[in-house]
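Number of protein chains: 2
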Amino acid sequence: MSTTITRLCARDIRFRTSQGGHGSDAVHKDPDYSCAYVVLETDTTGLAGQGIAFTLGRGNELVCAGVTALSHLVVGKTLESIVADMRGFCRELTNDSQLRWVGPDKGVIHMSAAAIINAVWDLYGRREGKPVWKLLADMPPRQLVDCVDFRYISDALPEDDAVALLEEHASTKTQREQELVRVGLPSYTTSAGWLGYSDDDVRQRCEQYMARGWTWFKMKVGFDDEQNVRRARLIRETIGDEGVIMIDANQAWEVDETIAHIRLLAKYNLLWIEEPTACDDVLGHARIARAIAPIGVACGEAISNRVLFKQFMQAGAMQFCQIDSCRLAGVNENLAVMLMAAKFGIPVCPHAGGIGLGNYVQHLSAINYIAIAPSLDKVVIEYSDHLNEHFVEPLQFEGARYRLPTGAGYSIKMKPKSLDEHEYATPC
Amino acid sequence: MSTTITRLCARDIRFRTSQGGHGSDAVHKDPDYSCAYVVLETDTTGLAGQGIAFTLGRGNELVCAGVTALSHLVVGKTLESIVADMRGFCRELTNDSQLRWVGPDKGVIHMSAAAIINAVWDLYGRREGKPVWKLLADMPPRQLVDCVDFRYISDALPEDDAVALLEEHASTKTQREQELVRVGLPSYTTSAGWLGYSDDDVRQRCEQYMARGWTWFKMKVGFDDEQNVRRARLIRETIGDEGVIMIDANQAWEVDETIAHIRLLAKYNLLWIEEPTACDDVLGHARIARAIAPIGVACGEAISNRVLFKQFMQAGAMQFCQIDSCRLAGVNENLAVMLMAAKFGIPVCPHAGGIGLGNYVQHLSAINYIAIAPSLDKVVIEYSDHLNEHFVEPLQFEGARYRLPTGAGYSIKMKPKSLDEHEYATPC
Chain A
1 MSTTITRLCA RDIRFRTSQG GHGSDAVHKD PDYSCAYVVL ETDTTGLAGQ GIAFTLGRGN
61 ELVCAGVTAL SHLVVGKTLE SIVADMRGFC RELTNDSQLR WVGPDKGVIH MSAAAIINAV
121 WDLYGRREGK PVWKLLADMP PRQLVDCVDF RYISDALPED DAVALLEEHA STKTQREQEL
181 VRVGLPSYTT SAGWLGYSDD DVRQRCEQYM ARGWTWFKMK VGFDDEQNVR RARLIRETIG
241 DEGVIMIDAN QAWEVDETIA HIRLLAKYNL LWIEEPTACD DVLGHARIAR AIAPIGVACG
301 EAISNRVLFK QFMQAGAMQF CQIDSCRLAG VNENLAVMLM AAKFGIPVCP HAGGIGLGNY
361 VQHLSAINYI AIAPSLDKVV IEYSDHLNEH FVEPLQFEGA RYRLPTGAGY SIKMKPKSLD
421 EHEYATPC
Chain B
1 MSTTITRLCA RDIRFRTSQG GHGSDAVHKD PDYSCAYVVL ETDTTGLAGQ GIAFTLGRGN
61 ELVCAGVTAL SHLVVGKTLE SIVADMRGFC RELTNDSQLR WVGPDKGVIH MSAAAIINAV
121 WDLYGRREGK PVWKLLADMP PRQLVDCVDF RYISDALPED DAVALLEEHA STKTQREQEL
181 VRVGLPSYTT SAGWLGYSDD DVRQRCEQYM ARGWTWFKMK VGFDDEQNVR RARLIRETIG
241 DEGVIMIDAN QAWEVDETIA HIRLLAKYNL LWIEEPTACD DVLGHARIAR AIAPIGVACG
301 EAISNRVLFK QFMQAGAMQF CQIDSCRLAG VNENLAVMLM AAKFGIPVCP HAGGIGLGNY
361 VQHLSAINYI AIAPSLDKVV IEYSDHLNEH FVEPLQFEGA RYRLPTGAGY SIKMKPKSLD
421 EHEYATPC
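Chains as they are written, first to last, in my numbering: chain A, 1 to 428; chain B, 1 to 428.
Be aware that one or more of the hints could be misleading.
[Unchecked claim] Have a look at the derived ranges for each label pair, beta carbon to beta carbon:
id, chain 1, residue 1, chain 2, residue 2, range
1, B, Asp224, A, Asp224, 56 to 62 Å
2, A, Arg142, B, Lys267, 37 to 43 Å
3, A, Ser81, B, Ala266, 40 to 46 Å
4, A, Ser81, B, Asp224, 27 to 33 Å
5, A, Ala291, B, Thr68, 39 to 45 Å
6, A, Leu47, B, Asn388, 48 to 54 Å
Worth flagging that the hints you see were computed from the coordinates, not collected in a lab. For each residue, glycine too, the CB sits at the ideal point set by N, CA and C.
With these hints in hand, go ahead and build the complete structure from the sequences.
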């Protein structure tokens, strides 16, 4: 019995998070956490796939329209034919001979491809009755590598090297899977240090998160050095010397400016500076990394594709790799980037501040640890607890650790009531 | 009397160029030359601004939708307020706190910004009664630099260096302006060597273009080495030893593959290889450039923004700078890139294969020569004569040279009949 995708629909779902200052930083002052919510309907009773691309509100309609523009490459295909050639399917979706001009591999059209590919994995997991992380964990090395398009990254990671890398760790996969099922994945919190919060807010939130088990804290920084220093001191005093502090500039600074800002903050013992400058500036980040070591540079949430990630790694411009599950073209391109990170020895600490991103990256971080990079040294997933209540299978935490999801699929299905109440435009 | 922008409208205009194999290459097999055609209506009788972003067909509706998404940043503003702070206007248009997530500075939303900014320049030129190149040529150095956003490029080109660079050549501007008015701008043709043409077609077209004065020819290359070599030989035999050959892979190859392909073709004396590999791969292009010198690397038509151009220049990855008038955010970001090219000593040879691109780049190349980089050594504009008949002010050539446009504005206004006949969706 094959399953044919009969209809593809993208819904424009938006939450008014800007009203509480949640998610505010130096560049994104008023984010309304939103998503293009894709449903793949099938001819198999009760079987549908859900996928999202995350946005900040305005522009969400463009990603929905991009999904519609790609639908001719999806509707009418069987799940079996897609799964039999994942690499080919992803290549087709990101290389339409006309659509690629408005990318390629970046911006609206790439995020639309991400939402669709993520929905295909949800469908695949549901059909197999497995969470996506488990689906991936059960794949032999060759099958997992066959999901990845090595075009434009073969100079940094030849396909055979990727297979060898996976084979090296294949025999110990079960141990790590059992470990994760037992203890979950470590996280850090961003929810204490948004730029829109007052000092009192920040202190109280740090204390609340510490009481619940968190020891890693990320703080947003901006143009006001006095404020940056005051908050770093406040957080360091609140969490003590054992706690870990990371800071995040959200691309606010110039290259030389960054080096000057960091000099003022270094005494608070920072693990990383995240997105100091333009997300496309490989060489700029490399210069910053050399100047501020041993503080690392973290980035990735705004890096468009595997070709740019490749260069950040080649140039030593990225000490922490922050994949984004919805900006890269879904599970498959994230696998490509995690494989490269393993080759370059860079820990993967996914971006998850937004709606639905934690749901996704718990699967990606699990498969990364189980099959690709068998170490949790300096590996943490971002934790942000906004809007969790809208999901059918919400994130589960014990202390500061993500519990592995157990339901079939990619954990992204939202409650019908939430969808209806937060639909921005007419349903499709 | 001030001029207020009262309405912004984007029309989805498409031509079925794929039917003749025109514009076909290794990656874009069936381009339908299209554009998001923006009209800025004003409260001044008879005054409107037109602007476009070029696409290949599918996806054009997304750029139109992006224009609509940006309209709240344009409608209601006066032309005078925009012109008084061009830098601020462009920054606002490319940094909307929510929309930048679906970019930033790349893909659909950036092309939408380009169409709008280009329309503002058309409006500005019409209001002043000057072609855009002349409007720019008459600006003192400081005013021209004030059009440019130096954010994220200040490490390569500090603002003061840009002013100094322009001041160095300011006293001789009039001479160069007179020269261009007299003899026009040199061009090369791509129209003889599209991948979809037969060998006979290619030979005949070369001969026709030579008879009309062209001596520089670009040929598309693909995966078939035998075909690539046969065509290079054919063109070299047809145009003789004095003619110049460039080749264009449109991102078809891997880094190492490129070096191997070029080795087979080098004996036909090539000036440049254009877009050998992924448009985002600065480090890959740098490696290719080192391996194939003295053949140069040319790229730019798919490079999203000034930050990436900066790195191509810093890394020695680009020997010919091919700005795209509609992918970069309009006139202003093109000025930024041309200023960096002048600083790095790289000739600017704009991309113009498409609809309306020649109309635009004649202005950009003119201002580049008059005010920014006073040399025509190795400077050529792409020439492609498709669809010229649809413009109110079509391109004018004498031999292989673009004649400078004389009408007010940015030469992009299309005939009402052409617009009506080629509108893809419902008019707005």
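Going through the hints against the structure:
1. B:Asp224 / A:Asp224: 56 to 62 Å: Cβ of Asp224 (chain B) to Cβ of Asp224 (chain A): about 59 Å, so the range 56 to 62 Å holds.
2. A:Arg142 / B:Lys267: 37 to 43 Å: Since Arg142 (chain A) and Lys267 (chain B) have Cβ atoms about 41 Å apart, the given range 37 to 43 Å holds.
3. A:Ser81 / B:Ala266: 40 to 46 Å: The hinted range 40 to 46 Å holds for Ser81 (chain A) and Ala266 (chain B), with Cβ atoms some 43 Å apart.
4. A:Ser81 / B:Asp224: 27 to 33 Å: Once the Cβ atoms are compared, 28 Å apart, the range 27 to 33 Å for Asp224 (chain B) and Ser81 (chain A) holds.
5. A:Ala291 / B:Thr68: 39 to 45 Å: holds (43 Å)
6. A:Leu47 / B:Asn388: 48 to 54 Å: 53 Å Cβ-Cβ, so the 48 to 54 Å window holds.
In this structure, none of the earlier numbered hints is contradicted; all agree with it.
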